[in-house]
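Here the protein sequences line up with chains L and R, keeping their order.
Take the first sequence: its letters are residues 1 to 216, numbered as in the working numbering.
Take the second sequence: its letters are residues 1 to 391, numbered as in the working numbering.
It is possible that part of the hints are untrue.
For lysine to aspartate or glutamate, the following EDC-like pairs were computed, each having C-alpha atoms within a straight-line distance of at most 16 angstroms [what the hints assert, rightly or not]:
1) L/213 <-> R/24
2) L/205 <-> R/300
3) R/290 <-> L/66
4) R/16 <-> R/356
5) R/359 <-> R/308
6) L/213 <-> R/286
7) R/289 <-> L/66
8) L/213 <-> R/31
9) R/334 <-> R/24
10) L/62 <-> R/293
11) L/168 <-> L/137
12) R/196 <-> R/116
13) R/196 <-> R/148
14) L/213 <-> R/39
15) L/62 <-> R/31
16) L/176 <-> L/127
17) L/213 <-> R/256
18) L/62 <-> R/155
So the derived list for chain R, only partly shown, Cβ under 7 angstroms to chain L, looks like this [to be verified]:
19) 18
20) 19
21) 22
22) 23
23) 26
24) 210
25) 301
26) 303
Hints are computed from structural coordinates only; laboratory data are not their basis.
Positions of the beta carbon are idealized from the N, C-alpha and C atoms, including for glycine.
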Amino acid sequence: MRQNQSPDDFLNCCLKSAAESRRVARERLKSFSPPALLLLRIWDGFAPDFCDTARPMKPIIKLLLEGGSLNTAQMAQVLALSEADVNRQLDELKASRVLLGFRPVLNLAHEDSGVVRAVIEVRITPERGGGFNRLAERISRFDEVESCFLMSGSYDLLVFVNGSSLQKVAAFVSEKLSSIEGVLSTATHFMLRSYKEQGFMLDVKQEEAERLKVAP
Amino acid sequence: MDSSRHIAKHVINLPKSGIRDFFEIVSKMKDVISLGIGEPDFDTPWHIREAGIYALEKGKTHYTSNLGLIELRRAISKYVEKNYAVSYVPDNEIIITVGVSEALDLACRALINPGDKVMFHQPCYVSYSPSITLAHGIAVPVPTFAKDNFALTVEALRAAWQPGCKLLMLNLPCNPTGGTCDRAQIEAIAKFAAEKDLIVLSDEIYSELTFEGVHTSIASIPGMKERTIFLHGFSKAFAMTGWRIGYACGPAALIEAMMKVHQYSMLCASIISQEAAIEALVHGEDGMKKMRDQYHRRRDFIVRRFNEIGLKCHLPRGSFYAFPDISKTGLSEKDFAVGLLQTEKVAMVPGTAFGENGKGFCRACFATSYEQLVEAATRIERHVQSLVAKK
Chain L
1 MRQNQSPDDF
11 LNCCLKSAAE
21 SRRVARERLK
31 SFSPPALLLL
41 RIWDGFAPDF
51 CDTARPMKPI
61 IKLLLEGGSL
71 NTAQMAQVLA
81 LSEADVNRQL
91 DELKASRVLL
101 GFRPVLNLAH
111 EDSGVVRAVI
121 EVRITPERGG
131 GFNRLAERIS
141 RFDEVESCFL
151 MSGSYDLLVF
161 VNGSSLQKVA
171 AFVSEKLSSI
181 EGVLSTATHF
191 MLRSYKEQGF
201 MLDVKQEEAE
211 RLKVAP
Chain R
1 MDSSRHIAKH
11 VINLPKSGIR
21 DFFEIVSKMK
31 DVISLGIGEP
41 DFDTPWHIRE
51 AGIYALEKGK
61 THYTSNLGLI
71 ELRRAISKYV
81 EKNYAVSYVP
91 DNEIIITVGV
101 SEALDLACRA
111 LINPGDKVMF
121 HQPCYVSYSP
131 SITLAHGIAV
141 PVPTFAKDNF
151 ALTVEALRAA
161 WQPGCKLLML
171 NLPCNPTGGT
181 CDRAQIEAIA
191 KFAAEKDLIV
201 LSDEIYSELT
211 FEGVHTSIAS
221 IPGMKERTIF
231 LHGFSKAFAM
241 TGWRIGYACG
251 PAALIEAMMK
261 VHQYSMLCAS
271 IISQEAAIEA
281 LVHGEDGMKK
291 MRDQYHRRRD
301 FIVRRFNEIG
311 LKCHLPRGSF
321 YAFPDISKTG
331 LSEKDFAVGL
341 LQTEKVAMVP
351 GTAFGENGKG
361 FCRACFATSY
371 EQLVEAATRI
381 ERHVQSLVAK
391 K
């Protein structure tokens with residue numbers, strides 16, 4: 001999206017090939033939650049101006065994103081708060097479902113974990129009133145589904161799936177996912193190897209660049 | 001044979017850098033949290049590194065024009081006009097150098113006649129006074145003070161000025177103090193420079209890292225472009241210290257004079273670094289702003305902690321250095337820094353490494369991770385408390 005381009009112009013540029021595609025895309029944009037719209041804008045390189053005018057990010061959220069492995073006592077020092085205040089703010093973030101949890105980022109390639117991962121492109125039928133939300137939420141509830149995103153482009157949902165074997169993932173797709181009413185088609189891609197996860201390079205030693213201990 | 005007798009007098013008389021002394025001590029110690037490094041903790045953003053790799057792949061391994069790649073000079077011209085409100089002609093008013101340090105050296109060698117006097121504010125970057133001496137000039141330091149947040153004042157300039165002063169060096173925001181000047185102060189300095197017919201060498205290497213207010217380049221003040229050499233580079237804002245790439249912009253005659261020295265000494269800056277620098281200017285602004293925002297938050301934290309600890313610290317408006325006053329400990333800045341290093345393994349640089357006016361202060365670079373900063377602050381607090389208890 002170019003700067004100052006209206007959503008309609010964006011739609012016209014991206015989806016001018018077919019009037020039907022436009023209708024679907026507009027419906028899809030309507031169904032985006034505000035954070036998803038923000039994400040869309042970040043992808044478009046439109047984020048800085050948009051973010052500046054939007055509600056500023058809370059300091060504790062910035063610190064969670066930047067602070068790496070700070071514990072709550074250290075976070076309290078950085079934010080000039082008591083540890084109790086930090087805990088209270090974290091609880092509020094959890095209550096408002098901004099902070100959904102903490103998970104380790106692991107490289108299980110050498111652990112023989114037997115986990116098979118797949119990415120599935122899913123086309124679904126939007127519904128009057130709810131757009132894609134009801135079906136997307138229904139698909140997301142399966143334990144096998146790690147993440148689920150509504151996408152622009154030639155398919156609707158991008159679904160990341162985990163299973164203990166190829167057969168189990170295949171069974172999930174054929175028996176559970178594609179059999180849902182409203183699912184038009186699926187295209188499953190099995191992941192062969194991960195190179196980067198959640199910002200961490202895998203199998204590439206994160207070498208500390210050699211810095212002088214004192215420099216002018 | 002005593003080979004030292006062959007060394008030129010003006011070199012042999014140069015004092016050793018105070019930082020080097022301190023480096024010798026620190027380098028022998030393990031597990032030190034160093035707040036003594038004058039460079040970003042971020043590696044160069046990947047897209048810039050990738051541009052350097054691509055340049056190599058494409059066989060860009062040759063000399064460039066002495067002035068530097070015209071594409072880079074065009075990109076610099078646009079960048080400087082957009083961010084500093086002063087325009088330079090890429091063909092003859094911009095030269096690419098091996099870091100700002102070379103640009104500064106070229107300017108000194110091109111402009112200073114033996115015995116010319118050069119004013120510069122102090123505390124300051126370690127190479128200013130030696131660069132003047134090596135060009136056979138006479139260094140005239142102008143003090144800046146904590147009470148002014150280390151901004152350069154016209155009163156101090158007037159008090160320090162002497163007949164024979166030809167140049168004025170500025171470094172705003174300043175390494176090591178983080179001090180800078182607002183527009184009114186810059187205008188006053190410009191008026192003084194015009195009144196005394198001074199050429200200004202304005203090293204604005206930290207200008208993107210200005211946290212409050214808008215950075216004003218003295219070159220943008222009406223009438224000043226003609227008497228200013230604007231010096232800048234990629235090391236700090238784009239985390240490119242090791243690439244050694246900088247530039248100077250100024251009146252064509254002065255750039256031509258600098259180019260003469262450059263072509264017979266350096267010839268040109270590395271083409272790989274020049275290609276990477278183009279990428280930094282064209283696509284690096286968002287990444288640079290993210291780094292700046294992180295420095296900003298870390299600054300707020302470390303300055304607050306220094307003041308809580310009892311080491312009075314002004315709020316540096318730019319750069320990534322805090323410059324706390326350690327005099328309440330009763331120790332000299334060097335003894336304090338060495339003691340802190342030996343007892344708590346935290347490195348800060350004694351203020352006098354940046355000139356006599358750094359007496360009573362230490363420089364702490366906050367371009368390091370939150371974890372390190374939090375731990376360093378805890379250790380410094382413990383050290384200061386033990387010193388105060390002993391008093």
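Hints, verified against the model:
no., hint, result
1, L/213 <-> R/24, "holds (10 angstroms)"
2, L/205 <-> R/300, "violated (32 angstroms)"
3, R/290 <-> L/66, "holds (11 angstroms)"
4, R/16 <-> R/356, "holds (14 angstroms)"
5, R/359 <-> R/308, "violated (21 angstroms)"
6, L/213 <-> R/286, "violated (29 angstroms)"
7, R/289 <-> L/66, "holds (14 angstroms)"
8, L/213 <-> R/31, "holds (10 angstroms)"
9, R/334 <-> R/24, "holds (14 angstroms)"
10, L/62 <-> R/293, "holds (10 angstroms)"
11, L/168 <-> L/137, "violated (21 angstroms)"
12, R/196 <-> R/116, "holds (14 angstroms)"
13, R/196 <-> R/148, "violated (23 angstroms)"
14, L/213 <-> R/39, "holds (11 angstroms)"
15, L/62 <-> R/31, "violated (28 angstroms)"
16, L/176 <-> L/127, "violated (20 angstroms)"
17, L/213 <-> R/256, "violated (38 angstroms)"
18, L/62 <-> R/155, "violated (42 angstroms)"
19, 18, "violated (10 angstroms)"
20, 19, "holds (5 angstroms)"
21, 22, "holds (6 angstroms)"
22, 23, "holds (4 angstroms)"
23, 26, "holds (4 angstroms)"
24, 210, "violated (17 angstroms)"
25, 301, "holds (5 angstroms)"
26, 303, "violated (11 angstroms)"
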